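Just so it is clear: in the sequence shown, position 148 is 148 by the numbering used here, and no numbers are missing.
Calculated directly from the structure, the hints in this document are not laboratory data. Mixed in with the good hints there might be a few duds.
Said to hold, decoys possible - Listed next, the in silico SDA-like pairs over lysine to any residue satisfying Cα-Cα at most 20 Å (straight line):
no.	residue 1	residue 2
1	88	123
2	59	120
3	60	159
4	35	85
5	59	121
This one's a predicted model, so the numbers in the text were calculated from it and none came from an experiment.
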Amino acid sequence: MDKLKRVLSGRDAEEPSGLAEVIDATSLGWGTRVKGFIACFAIGCLCSLLGSCLLWVPKKGLMLFAVFYTLGNIASIGSTLFLMGPMKQLKRMFEPTRLIATIVMLLCLILTLCSAFWWRKEGLALLFCILQFFALAWYSISFIPFARDAVKKCVSVCLS
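Please put together the full structure from these sequences, using the hints given.
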């Protein structure tokens, strides 16, 4: 009977598929997306700030810094998933113009955690945190048209 009502009212000629129902049930409204973005980004900033404060803790400070700084960056990157959606974000991350920046950024995130947990090399963890910062900055400016060209030009002018 419901199907007949939909057909006669012109709303839908077919029964929605199971996948369409799942997508409709899990879709977020724009207000919810913005709130999720703000919350996730704030958590990322808080983790990075906490990591910076923990840097001065004796003995384990550098390891805690590496872990919290990396978690903060992951949360900050994850916050954009709320705005674009996970599939669109992944597609944009691995576009040819961003592929190298994405791989370097993800590699730096992984190597920072490896150096903190498995290798237990504090100097290496700090080096990867620094590389992580530059990789994330380079990845982020890839979303701004012509920003990477401007940065390249500024650096070349400063170095010459």
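Quiz prompt | Structure-inconsistent hints, enumerated in ascending order | solution = Hints 1, 3 are the ones this structure does not satisfy, whereas the remaining hints hold.
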